[in-house]
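Student: In terms of numbering that gives the first Met the number 0, the numbers along the sequence shown are unbroken and rise by one, the last being 142.
Simulated from the structure, these hints should not be mistaken for laboratory data.
There may be inaccurate statements among the hints.
[To be verified] Result set (DSS-like, lysine-lysine): computed pairs, CA atoms no more than 27 Å apart in a straight line:
#, residue 1, residue 2
1, Lys34, Lys66
2, Lys109, Lys134
3, Lys63, Lys34
4, Lys125, Lys109
5, Lys109, Lys66
6, Lys109, Lys128
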Amino acid sequence: MVGPGTGCAPFRAAIEERVSTGAVGNTLFFGCRSKFSDYFFEVEWNLLCSQGYLNLFTAFSRDKGQKHYVQDDIIEQSVLVYDLLINQNGFFYVAGNARRMPADVMEALKAVLTTNARLSLPECDKLLKDMQYCKRLQFETWN
Numbered sequence: 000m001v002g003p004g005t006g007c008a009p010f011r012a013a014i015e016e017r018v019s020t021g022a023v024g025n026t027l028f029f030g031c032r033s034k035f036s037d038y039f040f041e042v043e044w045n046l047l048c049s050q051g052y053l054n055l056f057t058a059f060s061r062d063k064g065q066k067h068y069v070q071d072d073i074i075e076q077s078v079l080v081y082d083l084l085i086n087q088n089g090f091f092y093v094a095g096n097a098r099r100m101p102a103d104v105m106e107a108l109k110a111v112l113t114t115n116a117r118l119s120l121p122e123c124d125k126l127l128k129d130m131q132y133c134k135r136l137q138f139e140t141w142n
C-alpha cells in the first residue's frame, strides 16, 4: 500500500480490518511533508510494527535538505516489493494526490521489476497492465 498524505486514510482502515483478522506483514509506504506536523498515526503504526502486523516505510519530504518521497522508498525496498508482488502474488494499492505521485510510483515499480525480475520495459508495462486488469494494481487518486 502506498499512501502519501491524506492517501493514508483508506489504508489505515484496511490495516485495522486486516489486523482484526490476524493478518500480519501488511506493508505501507507512507509519506508526508514533515514527521513533526503531519505524521498523525505514528504511535498507532509503530505499535502495529512492533507486533508484526505492519511493515512501515516513511518518507518525510521536507524534514531534510534533499526531498525524499514514497517512490524513493519503493526503490530502496525493491527486493521486498518484488517478493511481495511476484513471489507472493501480492496486491499494490496507491491512494493520494493525482499530480505527480502516481506516475512516479509507476516508474518506481518499473525500476523494481527491471532490476529484480530483469524484465524489459515493454515486459514491465505488460505485467503492470495485467496486474491492473486483475485488480492487483489499483490507483485511487484525486486533485
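Student: Each hint: holds or not?
Tutor: We went through each hint and held it up to the structure:
For the hint pairing Lys34 with Lys66, the CA-to-CA distance comes to about 13 Å; that is within 27 Å, so the pair holds. For the hint linking Lys109 to Lys134, the alpha-carbon distance of about 17 Å falls within 27 Å, and the restraint holds. A hinted pair counts as satisfied when its Cα atoms are at most 27 Å apart, and Lys63 with Lys34 qualifies at roughly 11 Å. The hinted pair formed by Lys125 and Lys109 meets the criterion: a straight-line CA distance of about 11 Å does not exceed 27 Å.
Distance restraint check for Lys109 and Lys66: the Cα-Cα separation of roughly 21 Å lies within the 27 Å cut-off, and the hinted pair is therefore satisfied. Straight-line distance between C-alpha atoms of Lys109 and Lys128 comes to about 12 Å, which keeps the hinted pair within the 27 Å bound.
Violated hints: none; the structure is consistent with every hint.
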